[in-house]
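2 protein chains.
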Amino acid sequence: MRVGPSQEDIRRQNLGALLRYVHVHGATSRAELTTALGLNRSTIGALTADLAGAGLVSEGAPRETGRAGRPSPVVRPESERVFAYAYSIEVDRLRAARVGLGGAVLDRRETARPCGVAAAETAPLLAAFVKEMQQSVPADSVYVGAGVAVCGLELREEGPVHVKPETGFVDRSLGAALGGHLDSERPILVGNAADVSALAEHARGAAVGCDDLIYLHRDVGVDAGIIVRGRRLTGHGGFGGEVGHMVVQPGGRECGCGSRGCWETVIGEYALLDGGAGGTGRRAALSIVDAAARGDATAKAAVREIGDWLGFGVANLVNIFNPGMVIFGGTLRDVYLASAARVRSRLNSMALPASREQVKLRTPQLGEDAALLGAAELAFEHLLAAPLDATP
Amino acid sequence: MRVGPSQEDIRRQNLGALLRYVHVHGATSRAELTTALGLNRSTIGALTADLAGAGLVSEGAPRETGRAGRPSPVVRPESERVFAYAYSIEVDRLRAARVGLGGAVLDRRETARPCGVAAAETAPLLAAFVKEMQQSVPADSVYVGAGVAVCGLELREEGPVHVKPETGFVDRSLGAALGGHLDSERPILVGNAADVSALAEHARGAAVGCDDLIYLHRDVGVDAGIIVRGRRLTGHGGFGGEVGHMVVQPGGRECGCGSRGCWETVIGEYALLDGGAGGTGRRAALSIVDAAARGDATAKAAVREIGDWLGFGVANLVNIFNPGMVIFGGTLRDVYLASAARVRSRLNSMALPASREQVKLRTPQLGEDAALLGAAELAFEHLLAAPLDATP
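Protein chains in written order, with our numbering: chain Y, 112 to 503; chain L, 112 to 503.
No lab work stands behind these hints, which were simulated from the structure alone. Note that the coordinates shown come from a computational prediction; the quantities given were computed from them, not determined experimentally. Be careful, since some hints might not be right.
[Stated by the list, open to error] In the SDA-like style, the derived pairs of lysine to any residue whose C-alpha atoms are separated by at most 25 Å in a straight line are:
#1 Y:Lys242 x Y:Gly166
#2 Y:Lys471 x Y:Arg453
#3 L:Lys471 x L:Pro361
#4 Y:Lys471 x L:Gly348
#5 Y:Lys411 x Y:Gly363
#6 Y:Lys411 x L:Gly348
#7 L:Lys471 x Y:Arg342
#8 L:Lys471 x Y:Ser370
#9 Y:Lys411 x L:Gly362
#10 L:Lys411 x Y:Pro361
#11 L:Lys411 x Y:Lys471
Produce the entire structure from the sequences given, and follow the hints as far as they go.
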C-alpha cells in the first residue's frame, strides 16, 4: 500500500535525488539540476546548502558557457572527502578499496585468499587492509559505511540473513565479524557479488539507461544479479537470482545442490575444467580459453560445448525476462568472448523473436571493478536514502 | 534517475493513495486513513472533499465504535457509480463485465468465441455486450476506461504494442478496433491474461500482501504474470513472462515457437490431450483430469507425467525468482490439484532449500474472475495514477 509522504519525507527524497544526480553524473550546474529534478531554483539552492553543510557536496565556479547572463554555480560531489569502504570476498582472492562518492576508487588492496578460510573468517585480513588505507585518509573526510560483495553460495553458508531490499543483505555473522574490527557506527551491508555488480553496471557501466538487465556471474557457481524495472530482484527471502540451479539437462551431472543437470554443471568452472589439464580456480579456467585460442583441439571442443550451453540458458532467461541486456561477468566474460557466435546461434534458435531482437549481449564495462564499485554502491544507497541522517 | 516531486505531483500521489486504499480495503474511516497514509487530518479531509467532488468517493455515517468522542466519518468508494469495462478474450470464449471501483462485478456477459476469429475481430461482439450492459447503467455513473485480457500469444500476433509499464499494454489494433465501437475518450488498455490475473490476485485474491509472486496461466500455451517487489515484470519491450518457452527437455517435441522441448510442450494443452481421446480446448483438457480422478489408467498416467513436468518448471522458476507464492491458473489449476504431491516432490528434489521452504503453492482465489477483475484493474490503475485527470 502506497503511503502519502510527509514534508520531511519529501525533503529527504529531494536531498537524495540531488545527491544521487551528482553521484551518478558528476559536477552539475544548478540550472541543469533545476531541469533534471523538476524543482525550482530556490529549492535547489536550499537543498545544495544543506548537503554542502553536511560536507557531501561543494559549490564551485561555473563552467564558461559563452552565453550572456550570470552563469549558474556548479554542484560537485565531494569525491575525495566522502567515501565508503568496499570489500570483495572471492574464491581465490580478497580485495578492499576506498571508493569516493561519485564512484572513484581512491585506494585499493588485494591478496590471495587463504585456502579453507570461510567468508566470515576473512574479516581480520580485510580489517588489516582498512587499517593501512586509513593512514592516507584526509582528516576532514566523511566515512558513510561499507559494502561487501560475497559469492551467493557463501552468503547462504553464513546462515540467516536479513534482507533490506533497498540496501542489500545485512548478514549477521559477516557483518558482525567485520564490525568488530572497524570502530564505527556506520552500517556494513553485505550483498551477492552478482547483485552488486549489476548495480554498478547499471549506475555507471554498460547498462546505464537500461532498466531491465541480467548480470551473469561465475566464480565456482553461477548466479545472476537481475534488475527489473530499475530495481534489484531480491526475491521473497533474498535468494532470487540463483539461475545456476535452473535444470537444463534432466538427469544430467550431479550438482552440489543435490539436483542433477543444473545450468552450472554444464557452464560452471568444473565443466570448463573437464576440457583442460586439471587445476582449479580462475586461472585454470582462463587458461583453457587461452589454449582454445591457441588452437588446442580438446580445449576448443570444451569451449564450444560450453558456449552452446551458455546460449541455452541465456535463451531461457531471455524468454522469461525479456531483458534489454545480458552482461557476462566473472570468468563467463572470457568464455562468452570465445564463443559469442555459438551463444547467439542458440539464442536465435530458442528465444522468441521479439525478445531476442531486443536483448544486447555485453561484457562488463567496469571490468573486475564492478564488484568493488557495486559493494560501495550498497553503502552509497544507504546514504542516498537519507543523506543527512547517514552522516555524522 | 529519481526526480523530485512538485507540489502538484504530491497532491496527485496523495489523491491516488487515498483512492487506492478504499479501492482495495473498502469503506474506511477518516481516522484509519490518517494512520494508514501517514497524512494529517486536515489533508485527509481536503483530499476526500476533492475525490467526493469528482464523484469517486462518498462520505457517510460512521460505524458505531462504542467509544466516547465524535466518531470519524467513513469514506466509501463509489462502487455502483464509478466503473470500468473489462473484457477477456479467451481461446474458446469471450467475456465482458462492468466492474465497479472496489472490484465488484456489477454486470457480465459471456459467449462462445467463433472459430477462426482473431482477437482484434472480436471487437464487434464485445461492443455488442457493452451496448447491452449500458442500458442498465445509472445516469450519474462515471466510466473511467476499459481493460482487456488477451492470451500472450495473440497479443504478439496483433503486431506492435506500446508498453506503459504502470498501466499495461496499449495495443494499437485491438484498442483501435474496440475504440471504434465505444464512443468514449477513456483509455482502452490491453494486457496479457496472466499478467492481469496476477494483478487481481495480488490486489484482492490469494496473494494479498505477497509482493513476489508468479501466476502461471495455461490456455493453449503457458505463460506467467510475474510480480517482483510489488510491480509487474514487463520486460524491456513488454514480452516478459514467457515461461512456457523455457526449454526443459533438450531435443524434445517441436514447439509452435520453432524451438524444441519447451515447457509448454510437456505441460500445455496438447501434452494433456495426448493422454485422452482427442478433442481440443478447455473442456477436453479438463475431461482428462476428470477421467484420471475416476481411475482411467491412461488418463492417470498422463496427469502424473504432467505433474512431474509441472514441478520441474516450477522448481526452475523458484530458483530464479525465490517467489513467496506460485499460483496455478487457467486449466493448470485442475492439473495442479490432481498432481500436487508430484509437483511438491519435484520441488523438493530440485529447488534450493531456502527458496522451496518459502514458496506457497496456491490456486486462484478469484477463480475465473481473475482475468476480468485484472482487466478492470488496468483501467483502475490508470485512474489511481491521477484520479482527477482521469474523470470527465
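Each hint, compared with the structure:
no., hint, in the structure
1, Y:Lys242 x Y:Gly166, "holds (23 Å)"
2, Y:Lys471 x Y:Arg453, "holds (15 Å)"
3, L:Lys471 x L:Pro361, "violated (29 Å)"
4, Y:Lys471 x L:Gly348, "holds (13 Å)"
5, Y:Lys411 x Y:Gly363, "holds (22 Å)"
6, Y:Lys411 x L:Gly348, "violated (36 Å)"
7, L:Lys471 x Y:Arg342, "holds (24 Å)"
8, L:Lys471 x Y:Ser370, "holds (21 Å)"
9, Y:Lys411 x L:Gly362, "holds (23 Å)"
10, L:Lys411 x Y:Pro361, "holds (23 Å)"
11, L:Lys411 x Y:Lys471, "violated (45 Å)"
The earlier numbered hints that this structure contradicts are 3, 6 and 11.
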